[in-house]
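**Q** Kindly produce the complete structure, drawing on both the sequences and the hints.
Residue-level listing of the chains:
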Amino acid sequence: MRVKFTVNGEERTADDVWEGESLLYVLRERLGLPGAKNACEQGECGSCTVYLDDTPVCACLVAAGQVQDREVRTVEGLGSEEELDPVQQAFIERGAVQCGFCTPGLIVAAHDLIRRNPCPKDAEIREALAGNLCRCTGYEKIIDAVHTAAAHSRGEATS
Amino acid sequence: MSEQGIGAALTRVEARDKVTGAARYTADVVLPGMAYAALVSSQVSAGRLRSLDVSAAKAAPGVLGVFSHLDRPTWHRVPAIPYFGETRMPFSDDRIHHAGQHIAIVVASTRQQAAHAAALVKAEYEAGKPVPTLEKALPSAYVAAQGNYVNFPQETVRGTPEEALAGSPVRVKAEYRTALISHAPIEPSVTTATWEGDELTLYDTSQAVVVHRGLVATAFGLPEDKVRLVCPLIGGAFGAKTHVWGHTLLVALAARRLGRPVQVVITRKQMFTTTGHQPPTVQRIEIGAERDGRLRVITHDSTNSTSFVAERPENTVLSSVATYAVPNLRTRVRLARMNFGTPTAMRTPGDGPGSFALECALDELAHELGADPVELRRRNHADVHPQSGKPWSGKNLLECYRIGAERFGWHRRDRRPGTRREGNDLIGYGMATARRVEHHRAAESTVDIRTDGGVVVRTATQDIGGGTLTTMIQVAADALGVAPDKVTITVGDTDLPPGAPTFGSITSGSNGSAVRLAAQDARGAAIRLAVGDKGSPLHGLAEDAVDVRDGRLFAKADPRRGETYAVLLTRNRVNPLRGNGKYSPAESQYETSTFGAHFTEVRIDRDLPRVRVVRHLAVIDCGIVLNTKTARNQAQGGIIGSIGVALMEELRQDPVSGRALAPALTDYHVPVNADIGQIDVHFVNKPDHNSNPLGAKGLGEICSIGVSAAVANAVFNATGRRIRDLPITPRRLL
Amino acid sequence: MRTFSYVRADDVDAALRAITDEPNAKFLGGGTNLVDLMREDIERPDTVVDITRLPLAEVEELPDGGVRIGALLRNSHLAAHPVIRSRYPMVAQAVLSGASGQLRNMATVGGNLMQRTRCLYFYDDAAACNKREPGSGCAAIGGFSRSHAVLGASASCAATHPSDLCVALAALDAIVELRSSRGTRRVPLVDFHRMPGDTPEIETVLADDELITAVELPPPPSGVSRYRKVRDRASYAFALVSVAAALDVQDGVVSSIRLALGGVGTKPWRAYQAERALLGAPATEESFRAAARAELADAVSLPHNEFKIRLAESTIVAVLRGMS
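Residue numbers (this note's numbering), protein chains in the order written: chain X, 3 to 161; chain D, 2 to 735; chain U, 93 to 416.
Heads up, a few of these hints could be off.
[Stated by the list, open to error] Example chain X residues on the side facing chain U (calculated, C-beta under 8 Å, incomplete): (1) Met3; (2) Asp17; (3) Glu21; (4) Gly22; (5) Gly48; (6) Thr51; (7) Cys60; (8) Leu63; (9) Ala65; (10) Gly67; (11) Ala125.
[Said to hold, decoys possible] Stretch-level coverage of chain X by chain U, calculated; a stretch enters the list once three of its residues show a Cβ under 8 Å from a Cβ in chain U: (12) 33-45; (13) 145-152.
No lab work stands behind these hints: they were computed from the structure.
Given the structure is predicted, the values throughout are model-derived calculations rather than measurements.
Heads up, the beta-carbon is just placed ideally off N, CA and C, and yes, glycines get one too.
**A** So this is what it looks like as structure tokens:
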């Protein structure tokens, strides 16, 4: 089948898609966007988190056909060459990155959290990001990074 | 902290690529004409394949080839163990040793087609009677003969342990069990293989490209220089990528047969069943002590499971051999074979389970004596290595205790269990010692200074997430006297000078030393060039009268007199100026270890007893810290990993077949963000120059050793319940 | 994953036609369970009918004070809905205690009712499982049974129902609305799921051609309500035990009680026996414990799940104590 949808603001088409392919597969293998990671293929680890119509989902559990005419935003679509998104910047500054395999999914999940909750408390961050497993583990620094990004998004200076 | 690099909280150099999705991992490698493989796994855990019908798979859309033992692959030789996982080469016969064993490889034009066709392979088994679990294997446990994995004394005797026990006024004796646990890195193992004639290139998730090259070359009967292994970034490993496992060889085999590049990303299930695990252990410890707490004797008897295709003992007993000053000792390690995949090194091999048993036993002794657990450990401090009697190259364990107790507020601990409460919560404090032998490996590096003032480090180590790229840059920058942002690094490729593996906590010390030597070599050459160059303002000075800072060489006596590396090299038309570094660990008069102390606070709801670690403090002595930012982060991660080991991690087996049950991240619980309380890490941060030229020692493992015991000891302090089996789930506390 | 065809339905009638016309068809909602099971080769539909674009995602307040929840409402939207949060906090708590943010963004209310068990043997294609392969036996009963049910199990199956939402819905007397080309029918949630008996593969009363279109909640019970889940880690794990409770106490006496259990039953478990024991009893720890024991009197444990009986008792008592 043919699947047409918008990815990071651009209309994209994938042809000869097999029905059993996932959104993750289409992004990584057909559209050349390897930012979202393939790690568990069962929606458990969160490494493949992308926005689907503005809602973070596990791309590995979205059947390709379901994205027809919808909008997808991946980690590659956050920020720009010139200016990183505050979440990306904060993850770098706060040292919230280790092996980096969970990072793209975490960036999207944290980005969504801050949009919904501009001033999240520790417990809210921990619960909101519970679906993103990190094994290295940057959980402590990830919390710092979310606070920093949230403050930045609110227009506050941070130290 | 050096202004030039070492110790600075430098931001990870590859962080930007990792947050934008630009970072490329092994699964992101795409080669022209690449095909994709899927591996077929055995469903039974023992017996043999009666038949294997691959006709439907071969006829499936896109399928290019299906290979199995029926194709009788000709392996040249079994590679050396350790670092090759098993004594049996994949597909060498029809025998099944564990569920999940690779029985066929299917290659197709797309990943989906390969996965689909793999499901069409029909295997019929002549099922044998498996030894399903360690429990069932225990009656046939044995002491293994030396060789291969069995590379440490399986039995040790010091003094007269039996007599010492009989004469001890205080004795504690207990049996501890640790669970079958799994590395569960987020990135699954991946191999891409491509041949050009007789030359093989592998893009492989490898913690040791140099070591693994040799193993792959042996398997295919190739000279080492005909094999190239590439792996710049790894998405976590924890030991799962320490060894070469079957999939790597099978993909290379398939690529050769098909004459095109082949890639496999193994499934999450296969990660759990075919890339090793930490085996379960049963450990019996008996301690005899004086009434004042001085240890007279320790006996430590440990059994771990191993597979039918490898004998791999866990060196749990080293904790008892090398941690405390105890005059009498007896240890023994036994193996018990079960029908499960082969175990391997997992953060932290030996010392993880071993310290759990020993440090819990010491806590039991402290309770028996009415002594403070920290004081008991101080009293038994090993001033020299307790087995060899050699001095330590550097040891600041007493300082770890002191700083830890103070910062944690250890004095607030009530030594009567179950006495501290807040609302419905029971509160407990626990602590434990950490100790790990520092390993050394030969490593080489080059450091190039270019005419533009840039510096390039080249060394075939790899970054598994610990921050190696960044710390190696800092080491080079520090030794050269340049700003770290002038330095770039290339790693993870056997075409580079052979670097150290990234396992066993050896990267910082060994590879760091090689980079330091290379940078010093380059710096020395530059200084020699300058003082011998009539065109240089430094001409005629003695070499040791010249210093370098911020890329500028200058006279120590007159800092205004000098020039930059760039100007010097440009004028002399030297590009690049190469420094070579070769670190070869020598026989040492010292024993080298890393040390630490862990302090933890748990809270437990009386009705619904799930243990929450609300606060943990680690004080770590790992020599000089190369980068406080990456080090703290790595240490926090090690602690969190071990909190998982203490409280939730267990790969459960079917008691009848021994199969791993639903080997998936859904059921194999690792800590999630919500599980974690406050984790503090403090570094003693004193260089250990007796250990290596750099004075830095490994961190990746010492940070996680002892954590599970500290948690269990805190649970005892909170509840009065001594849980000797990991993990400490709500079920065990009810 | 097997080959299948994909059909997208734009309205309910088209969906009902597709499910009837296409051979061996299944509805695809959020996909969080079905896609995973298809990848594991446990579900093998020949056609999936994508229903995510049907207009069934509203929350409607009903004249009698209840609400009607569209079956395709996403779990995260359900938990965030102001009416649910203010009047049925137990539902919001139950939803938020399940899965992860990403999965709740995908999963639908109707899909949650159809969620299949996380029995480790159900997922192990090498093991005997009557639910997966009827008649093949049950490897769990003689195997590792820590996660299994102590209430409602049969000799064929002891798998627990995995949903959190359904436990809350059971406590609230929810009604499930089902539609097919034959018409519409309404089934109480407590009757929607079946006990395993000797046909554990048949998990609900839903007919092959029926679509869940809505779940209706009657007006909320009086008093306070709560959902509490006990699990092996702080978040993102299936329940060892969960309790949905609504309690009203007048003059120290229980005047209204709703109680349902998760993690211990082969279906979302409405604790009628405990409710009977509590109604009119003094709101004391002793009554709570006696009620819990009454409910658990018939519990049968396997070798590794005996702890669930004790844990269920202490959780029920802790929840009711906290509410009274």
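**Q** Confirm or reject each hint.
**A** Taking the hints in turn, this is what the structure says about them:
1. Given hint, Met3(X) at the interface with chain U, holds; its Cβ is 7 Å from that chain's nearest Cβ, closer than 8 Å.
2. Taking 8 Å as the C-beta cut-off, the interface hint given for Asp17(X) is violated, the closest approach to chain U being about 15 Å.
3. The interface hint given for Glu21(X) holds, since its Cβ lies 4 Å from the closest Cβ of chain U, which is under the 8 Å cut-off.
4. Because the smallest distance between the Cβ of Gly22(X) and any Cβ of chain U comes to about 4 Å, under 8 Å, the interface hint for this residue holds.
5. The closest approach between the C-beta of Gly48(X) and any C-beta of chain U is roughly 6 Å, which is under the 8 Å cut-off, so the hint is satisfied.
6. The criterion of a C-beta within 8 Å of any C-beta in chain U is met by Thr51(X), whose closest approach is roughly 5 Å, and the hint holds.
7. Nearest Cβ of chain U to the Cβ of Cys60(X): about 5 Å, under the 8 Å cut. The hint holds.
8. Here the hint on Leu63(X) is kept, as its CB sits about 5 Å from the closest CB of chain U, short of 8 Å.
9. With 8 Å as the threshold, the beta carbon of Ala65(X) comes within range of chain U, its nearest partner Cβ sitting at about 6 Å, so the hint holds.
10. Because the closest C-beta pair between Gly67(X) and chain U is about 4 Å apart, less than 8 Å, the hint holds.
11. Proximity of Ala125(X) to chain U is violated relative to the hint, the smallest CB-CB distance being about 10 Å (cut-off 8 Å).
12. Here's how the segment 33-45 of chain X fares: 3 of its residues keep a CB closer than 8 Å to some CB of chain U, so the rule of at least three is met and the hint holds.
13. Only residues whose C-beta sits within less than 8 Å of a C-beta in chain U count toward coverage, and the segment 145-152 of chain X has 0 of them, not enough to reach three; the restraint is violated.
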